[in-house]
Amino acid sequence: MVDQTRMLTGVMDATDDVIVTGPSIYVYEAPVRLWHWGNALCITILAVTGYLIGSPPPTMPGEASGSFLFGYIRFAHFAAGQVLAVAFLARILWAFWGNKYSRQIFYLPVWEKTWWKGVIREARWYLFLEKEPYKYIGHNPLAHTAMFAMFTLFNLGMIITGFALYSEGTGRDSWQAKAFGWVFDIWPNSQDVHTLHHLGMWVIVIFAIVHIYAAVREDIMSRQTMISTMISGERQFRDEREG
Amino acid sequence: MGSATETFYDVIRRQGITRRSFVKFCNLTAASLGLGSVAASQMAHALETKPRIPVIWMHGLECTCCSESFIRSAHPLAKDVVLSMVSLDYDDTLMAAAGHQAEAILQETREKYKGGYILAVEGNPPLNEDGMYCIDGGRPFVEKLKEMAEDAMAVIAWGACASWGCVQAAKPNPTQAVPIDKVIRDKPIIKVPGCPPIAEVMTGVISYILTFGKMPELDRQGRPKMFYSQRIHDKCYRRPHFDAGQFVESWDDESARKGYCLYKVGCKGPTTYNACSTVRWNGGVSFPIQSGHGCIGCSEEGFWDKGTFYDRLTTIRQFGVEATADQIGLLAAGAVVGGVAVHTAATAVKRLTSKHDPHRRNEQQ
Chain A
1 MVDQTRMLTG
11 VMDATDDVIV
21 TGPSIYVYEA
31 PVRLWHWGNA
41 LCITILAVTG
51 YLIGSPPPTM
61 PGEASGSFLF
71 GYIRFAHFAA
81 GQVLAVAFLA
91 RILWAFWGNK
101 YSRQIFYLPV
111 WEKTWWKGVI
121 REARWYLFLE
131 KEPYKYIGHN
141 PLAHTAMFAM
151 FTLFNLGMII
161 TGFALYSEGT
171 GRDSWQAKAF
181 GWVFDIWPNS
191 QDVHTLHHLG
201 MWVIVIFAIV
211 HIYAAVREDI
221 MSRQTMISTM
231 ISGERQFRDE
241 REG
Chain B
1 MGSATETFYD
11 VIRRQGITRR
21 SFVKFCNLTA
31 ASLGLGSVAA
41 SQMAHALETK
51 PRIPVIWMHG
61 LECTCCSESF
71 IRSAHPLAKD
81 VVLSMVSLDY
91 DDTLMAAAGH
101 QAEAILQETR
111 EKYKGGYILA
121 VEGNPPLNED
131 GMYCIDGGRP
141 FVEKLKEMAE
151 DAMAVIAWGA
161 CASWGCVQAA
171 KPNPTQAVPI
181 DKVIRDKPII
191 KVPGCPPIAE
201 VMTGVISYIL
211 TFGKMPELDR
221 QGRPKMFYSQ
231 RIHDKCYRRP
241 HFDAGQFVES
251 WDDESARKGY
261 CLYKVGCKGP
271 TTYNACSTVR
281 WNGGVSFPIQ
291 SGHGCIGCSE
301 EGFWDKGTFY
311 DRLTTIRQFG
321 VEATADQIGL
331 LAAGAVVGGV
341 AVHTAATAVK
351 RLTSKHDPHR
361 RNEQQ
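Which chain is which? The protein sequence lines are A and B, in order. For the first sequence, the positions run 1 to 243 when the UniProt record's numbering is used. For the second sequence, the positions run 1 to 365 when the UniProt record's numbering is used.
These are computed hints drawn from the structure, not numbers from a lab. For each residue, glycine too, the CB sits at the ideal point set by N, CA and C. Certain hints may be false.
Stated by the list, open to error - Some chain A residues judged to face chain B by a derived CB distance under 7 angstroms, without partners named: (1) A76; (2) F78; (3) A79; (4) V83; (5) V86; (6) I186; (7) S190; (8) I204; (9) A208; (10) I209.
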């Protein structure tokens, strides 16, 4: 870690005063950042079009041959869904290649005591019981838990139910039906799968709200950068104290 | 009921039907099964040579709508199926025999055609109180069903009752009615769901088994692929309005008069596998969507328990009160946004009230 850490010296403002020193480290590699923002765009498109598929906009005037509105809404949903799925697969592959922080969202180290201590400490910070949070290079344990439980698992669930529902249109002999048809062994009536897929959307929307709030709050309140880290990949720490 | 060694062809010739009519019938049936012209001659050959298959048709907890539908089949006519194609040895609703005579036929068929008869089941067995909620011939239907299934070649589950449970298995299901595949586990079961199933689908399934001497190809849920592999929605004649985004908003609006898509008023066509939009009903006259009402999904599992028939987003009961996914999601998201707002305010208050000096970051606070 130490060799990666670069001490910033000679950072100055217009009047040549040295105004800040602080170590920084490269955490989120380019593929992770690209995936993060691409994924965010896909989720936005999917949530909006998905909501509209459940509650369609007002009726279109004119002849049926004159418009294809609902077709386009569904196309956008299916296209974004397939991009999201392929991106998720690529992200899983990157977890094997990338640094150790790229693996975090795929599992919770529940066997590690320090991790549990971190969850409690971070929860206490959010309950205003701690003066300041710890510094973390990757995700803090509470954020890590939320990402795994509300994003990774539900994203996977949405991909599976999404492809299962898509297979209803592509037909019984399609690869989608062969790969994901087992979903209908669990819920034989696909109306149930539609409802679950819709509920899953709300879980991810709630995750997005919490995620954005926490990122903004930590960017202001914590001892490290958050939002810019997901843009440049570089995490900067605002102090050098331990603990 | 005739001898089962007689062929279909013998019977219809005896009834005075010409060979020309017989070949026409084969062609029509082949066409309705989606088979080519070669299949028609195969079908004719089969009906000329194969002995008629004995069919036992049992009735459990049900409303008999499957039988009502069946006897209205136009291609082939139900009369032809019952009197000629198969040897319907037992059907307590249609048969002339009654009482002990009728019951004797069951035992006779079981012994004489061991492993060679088709057991068609309409309705389902209730299991509560040892099956006392459905007594048939003096004993619980479930016992009779298990007994007859033991020596059957194959089992046909007619309708939503036998396939999925239907209304008697809807919550809270006091009689504990179950679909027949919960009771018969060691025999192939062909599910022909619907409340009722389409007449031509019912006779089509029997014709197929008789012609080819084997079960039709089934899907994951055990339904014949030839009738249940596509949704009502996939072949709906109102589908262009769906893609265009033209929907009926309420039952008496302009869109309803123009025959737009019934998706927004709860049509279950997009989640229902059946042949209504292609085969249609009453000899191809119409089907629910054509008459202006959405599909209620009667051939789908537990369709009584999936909330209202008139909303696209159906209600979920697991949360104590009935609510749609959107209502639950909006409430939860609203609560989270509220929580975030309160937390933001608390953070700001805490920050303003505590001493905060950014120049002393590197010292213990």
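Verification of the supplied hints:
no.: 1; hint: A76; verdict: 13 angstroms, violated
no.: 2; hint: F78; verdict: 13 angstroms, violated
no.: 3; hint: A79; verdict: 16 angstroms, violated
no.: 4; hint: V83; verdict: 22 angstroms, violated
no.: 5; hint: V86; verdict: 26 angstroms, violated
no.: 6; hint: I186; verdict: 11 angstroms, violated
no.: 7; hint: S190; verdict: 4 angstroms, holds
no.: 8; hint: I204; verdict: 10 angstroms, violated
no.: 9; hint: A208; verdict: 9 angstroms, violated
no.: 10; hint: I209; verdict: 5 angstroms, holds
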